[in-house]
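Chemist: Protein sequences appear in the order of chains G and E.
Residues in the first sequence are numbered from 1 upward in steps of one, following our numbering.
Residues in the second sequence are numbered from 1 upward in steps of one, following our numbering.
Hint data in this document are derived by calculation from the structure and do not stem from the laboratory.
Being a predicted model, the structure only gives us computed values, none of them experimental.
The reader is advised that the hints may include incorrect statements.
Unchecked claim - 27 Å max Cα-Cα, derived DSSO-like pairs, lysine-lysine: (1) E:133 with E:244; (2) G:135 with E:434; (3) G:227 with E:133; (4) E:133 with E:253; (5) G:227 with E:434.
Said to hold, decoys possible - Selected chain G positions facing chain E (in silico; Cβ < 10 Å): (6) 39; (7) 45; (8) 46; (9) 47; (10) 63; (11) 149; (12) 235; (13) 242; (14) 254; (15) 257; (16) 259.
For each residue, glycine too, the CB sits at the ideal point set by N, CA and C.
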Amino acid sequence: MKKMIFRNRNQLLPWLMLLGSFAGFCLFYLVPFVVSFFYSVVDHPIHGAFCGLQNYKELLRNPYFLRGLKNTVAFMAVSIPLNMVLSLIVALVIHNMKRYPKYFGLVFLIPLAIPSATSAFFWESFWGLHGTFNKFLSSYHINGFDWRNSEYGMIVMIIIFIWKNVGYNMALYMSGLSSIPKQYYAYADVEGAGIWWKFRNITWVYLTPTTFLVLIMTFVNSFKIFKEIYIITGEFPPEGLYVLQHYMNNMFLSLNYPKLAGAVYILTIAIALPVACLFRSERKLSKDLHD
Amino acid sequence: MKTNGRKVLALFVCMVCLLSGCGNAQTQNEEDLQSKGSNIPSLNETTEQKKEEYVQPEMKGEITVSAFMEQEFLTAAARQFMDLYPDVKVTVNVYHETSGAGSVEDYQTYLNTKIMTGKAEDIILNSFLPVEKYSEMGVFEDLSRYISLTPEFTEENYFMNVLQSAKTKNGEIYLIPYMAKFNVVGFCDALLSEQTGMESRLQSAGFAERMDIAKELVSNTSKKNTFLIMMNEVQFADYLIEDKLSDFIDVEKKSVNLNADTYISLLKEVKELSDNHAFDADVDFYNMEYYYAATCDYDVQAAFYELDEQSGLSYSMPIADSEGNVAVNANYSMALNSASHNKDLAWEFMKYLLSEEVQTLPSVHGLAVNRKGFDAAVERYYNFYAESNSGSVEKEEYGELLQSWMEQLNDCDTVDSALWTLIEEENGKFFEGKQTAEDTASVLQRKIEQYFHE
Numbered sequence: 001m002k003k004m005i006f007r008n009r010n011q012l013l014p015w016l017m018l019l020g021s022f023a024g025f026c027l028f029y030l031v032p033f034v035v036s037f038f039y040s041v042v043d044h045p046i047h048g049a050f051c052g053l054q055n056y057k058e059l060l061r062n063p064y065f066l067r068g069l070k071n072t073v074a075f076m077a078v079s080i081p082l083n084m085v086l087s088l089i090v091a092l093v094i095h096n097m098k099r100y101p102k103y104f105g106l107v108f109l110i111p112l113a114i115p116s117a118t119s120a121f122f123w124e125s126f127w128g129l130h131g132t133f134n135k136f137l138s139s140y141h142i143n144g145f146d147w148r149n150s151e152y153g154m155i156v157m158i159i160i161f162i163w164k165n166v167g168y169n170m171a172l173y174m175s176g177l178s179s180i181p182k183q184y185y186a187y188a189d190v191e192g193a194g195i196w197w198k199f200r201n202i203t204w205v206y207l208t209p210t211t212f213l214v215l216i217m218t219f220v221n222s223f224k225i226f227k228e229i230y231i232i233t234g235e236f237p238p239e240g241l242y243v244l245q246h247y248m249n250n251m252f253l254s255l256n257y258p259k260l261a262g263a264v265y266i267l268t269i270a271i272a273l274p275v276a277c278l279f280r281s282e283r284k285l286s287k288d289l290h291d
Numbered sequence: 001m002k003t004n005g006r007k008v009l010a011l012f013v014c015m016v017c018l019l020s021g022c023g024n025a026q027t028q029n030e031e032d033l034q035s036k037g038s039n040i041p042s043l044n045e046t047t048e049q050k051k052e053e054y055v056q057p058e059m060k061g062e063i064t065v066s067a068f069m070e071q072e073f074l075t076a077a078a079r080q081f082m083d084l085y086p087d088v089k090v091t092v093n094v095y096h097e098t099s100g101a102g103s104v105e106d107y108q109t110y111l112n113t114k115i116m117t118g119k120a121e122d123i124i125l126n127s128f129l130p131v132e133k134y135s136e137m138g139v140f141e142d143l144s145r146y147i148s149l150t151p152e153f154t155e156e157n158y159f160m161n162v163l164q165s166a167k168t169k170n171g172e173i174y175l176i177p178y179m180a181k182f183n184v185v186g187f188c189d190a191l192l193s194e195q196t197g198m199e200s201r202l203q204s205a206g207f208a209e210r211m212d213i214a215k216e217l218v219s220n221t222s223k224k225n226t227f228l229i230m231m232n233e234v235q236f237a238d239y240l241i242e243d244k245l246s247d248f249i250d251v252e253k254k255s256v257n258l259n260a261d262t263y264i265s266l267l268k269e270v271k272e273l274s275d276n277h278a279f280d281a282d283v284d285f286y287n288m289e290y291y292y293a294a295t296c297d298y299d300v301q302a303a304f305y306e307l308d309e310q311s312g313l314s315y316s317m318p319i320a321d322s323e324g325n326v327a328v329n330a331n332y333s334m335a336l337n338s339a340s341h342n343k344d345l346a347w348e349f350m351k352y353l354l355s356e357e358v359q360t361l362p363s364v365h366g367l368a369v370n371r372k373g374f375d376a377a378v379e380r381y382y383n384f385y386a387e388s389n390s391g392s393v394e395k396e397e398y399g400e401l402l403q404s405w406m407e408q409l410n411d412c413d414t415v416d417s418a419l420w421t422l423i424e425e426e427n428g429k430f431f432e433g434k435q436t437a438e439d440t441a442s443v444l445q446r447k448i449e450q451y452f453h454e
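Please put together the full structure from these sequences, using the hints given.
Modeler: Right, dumping it as structure tokens:
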């Protein structure tokens with residue numbers, strides 16, 4: 001291995017450049033992550049006794065942890081495909097625009113530049129009892145309510161998530177779209193192909209690697225919605241908005257590190273497994289596409 | 001195939017080890033209990049058996065103290081202690097002096113991180129910390145043994161009822177108040193003089209009972225601009241809830257009963273009082289004659305006004321709950337970090353903070369738990385109030401009154417501040433008309449249940 005790295009100076013450079021980032025990753029993520037496993041197998045954070053998988057067992061029986069898990073899965077199941085479809089539509093529309101496509105694209109990227117606290121403040125005042133949305137409804141004589149703390153709370157959060165992330169995915173799709181050779185569409189036009197045929201057999205096929213990347217990024221980003229939910233609803237949100245990060249955050253505040261560490265490991269497995277499968281599938285599909 | 005088989009076998013062995021840990025933990029816990037139990041004298045033990053005695057540790061090393069805000073007496077005590085024991089270094093880490101210091105929530109996060117990394121200070125001064133959760137997680141050391149082994153801790157030297165006010169039902173003590181602070185409610189003389197036959201009822205100390213009397217005083221008076229008490233509706237509701245806290249929340253059993261008619265009617269009753277201007281905050285204090293039927297004040301001031309005939313207050317008493325418990329404020333107490341490597345030395349400093357040398361310092365802004373310190377505080381506060389008031393109050397009677405109040409203290413308000421924050425937030429929404437009483441009760445029920453059982 002050593003010989004292989006040093007055989008060519010060009011091969012050494014990437015490793016050196018990665019070294020800083022890798023050291024940071026190890027120091028701030030990997031080592032604490034490994035060390036936290038200790039907490040997940042003891043009964044108390046201080047002077048704790050080894051308790052095996054007891055914390056994991058308790059976690060899988062804890063109604064709040066299960067609720068967080070259920071809501072996180074439900075949120076992802078709805079928001080990820082919706083976000084991907086919408087960002088693809090936006091990307092296609094902007095890609096085919098004749099005038100000012102860059103400016104329109106920029107509009108969708110603005111939410112990414114807004115800090116979470118600012119956007120949460122805006123959405124809080126939008127969906128609140130005396131918020132803009134209810135004022136809009138009242139002009140049609142419809143009585144509003146506090147949407148954030150209602151049964152529609154999850155829908156509110158999905159809208160916020162899509163608003164925030166559609167621009168990012170759109171940018172990825174636009175990059176994918178621009179890499180499709182224009183000649184393919186020209187040949188298809190000559191053959192008299194329709195829009196749908198072109199989308200299905202050219203656009204979609206060549207966007208497959210990008211779609212996988214978008215899927216992975218949306219999957220990872222979907223966990224970041226917690227910041228907005230937390231700012232809007234606090235530590236104890238309504239049942240429908242209670243996600244796994246709430247549980248972990250509250251466990252940290254309660255100093256219940258054994259449960260916190262257990263939840264982290266379960267969540268890591270829940271993220272790592274699908275992401276690994278996605279990467280594997282993406283690699284296979286990309287290979288097939290290139291072959 | 002062979003490699004896969006080995007992997008499966010290795011995984012199986014790991015799983016067996018981990019699962020068997022559950023069984024071991026129980027055994028270990030039992031062993032722990034037995035070893036702990038060996039320190040506790042059993043019923044069968046005879047008096048001839050060797051008694052555990054307090055041995056002063058070698059006064060050498062470093063002690064750290066964590067505090068949210070700077071406290072003059074603490075800094076002075078640390079300096080004095082280091083002068084007394086030159087080989088000991090006391091470092092007081094004040095959160096508010098650190099860069100980026102923020103709210104009590106931020107302090108809690110900061111402290112949690114330190115506790116998690118094992119870097120938390122040896123002594124932690126409580127400031128709105130989740131004491132119950134910290135105790136449950138084993139962050140604080142049980143001080144009952146230390147207290148029982150310290151010969152200085154006697155009724156003669158200390159208000160032992162205050163020192164041991166945070167004792168749990170199981171006898172553990174995680175917090176020791178270094179000064180006693182409590183609220184007192186008194187009645188308006190001018191309104192009382194219009195009523196007859198109330199004397200026997202005026203001795204009741206429960207907040208709700210006292211407020212019932214105050215309501216009668218307001219409704220039966222001929223005077224104008226008469227209000228119930230000088231506080232807002234959220235604070236008033238807090239006191240009423242605290243009065244019947246055991247009916248609504250049982251912290252030890254982790255049960256919540258806020259979604260009940262009692263709580264809903266309590267909220268509605270306070271709202272009605274607020275709508276009827278019972279807590280009117282728009283009083284023009286300088287240009288109109290006004291009367292508050294009851295006044296809630298802090299201990300040292302309330303005692304002086306109770307005795308001062310010109311203050312117009314009488315029948316002042318420390319607020320008790322419906323079961324007669326009078327609680328001391330837990331935010332003026334300290335705890336010993338169970339992960340401290342210097343527990344005995346830290347205990348020496350805690351003892352020093354409670355000693356006459358420190359408790360008599362003028363920077364102890366409250367009633368000291370040490371009797372000599374208490375006398376010094378009485379002297380100080382008496383001089384202060386006597387100078388700024390023209391009434392004739394005797395120092396002895398002032399001291400006696402405060403002492404009698406101190407002796408009533410039998411509880412420490414260790415309910416997590418997070419719970420009160422939740423209650424105040426939701427009740428505030430109700431009083432602002434943002435949600436109904438029923439919704440408030442239901443939301444609180446859900447949130448507090450989650451807080452307990454998460």
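Chemist: For the hint on residue 242 (chain G), just tell me whether its beta-carbon gets within less than 10 Å of chain E.
Modeler: Given a least distance of 8 Å, the restraint on residue 242 (chain G) holds.
Chemist: Is the hint on residue 63 (chain G) kept, meaning its closest Cβ partner in chain E is under 10 Å away?
Modeler: holds (8 Å)
Chemist: Does residue 259 (chain G) pass the interface check with chain E, least Cβ-Cβ distance below 10 Å?
Modeler: holds (8 Å)
Chemist: Can we keep the residue 47 (chain G) interface hint, with Cβ of chain E closer than 10 Å?
Modeler: holds (6 Å)
Chemist: Does residue 257 (chain G) meet its interface restraint, that is, does its C-beta lie within less than 10 Å of any C-beta in chain E?
Modeler: OK, holds: residue 257 (chain G) within 10 Å of chain E, min 6 Å.
Chemist: Compare the distance between the alpha carbons of residue 133 (chain E) and residue 253 (chain E) with 27 Å, and conclude whether the hinted pair is satisfied.
Modeler: Holds: residue 133 (chain E) and residue 253 (chain E) sit about 13 Å apart, inside 27 Å.
Chemist: Holds or violated: the hint that residue 45 (chain G) contacts chain E, with Cβ atoms closer than 10 Å.
Modeler: holds (6 Å)
Chemist: Would you check the hint for residue 133 (chain E) and residue 244 (chain E), treating anything up to 27 Å between C-alpha atoms as holding?
Modeler: holds (22 Å)
Chemist: Take the C-alpha atoms of residue 135 (chain G) and residue 434 (chain E), compute the straight-line distance between them, and say whether it is at most 27 Å.
Modeler: Judged against 27 Å, a Cα distance of about 15 Å means the pair holds.
Chemist: Minimum Cβ distance from residue 39 (chain G) to chain E below 10 Å?
Modeler: Holds, because the Cβ-Cβ distance from residue 39 (chain G) to chain E comes to roughly 9 Å (cut-off 10 Å).
Chemist: Run the distance test for residue 227 (chain G) versus residue 133 (chain E): straight-line Cα separation, threshold 27 Å.
Modeler: holds (25 Å)
Chemist: Taking 10 Å as the limit, does the beta-carbon of residue 46 (chain G) come near enough to a beta-carbon in chain E?
Modeler: With a closest approach of 5 Å, the residue 46 (chain G) hint holds.
The structure fails none of the hints (numbered hints given earlier).
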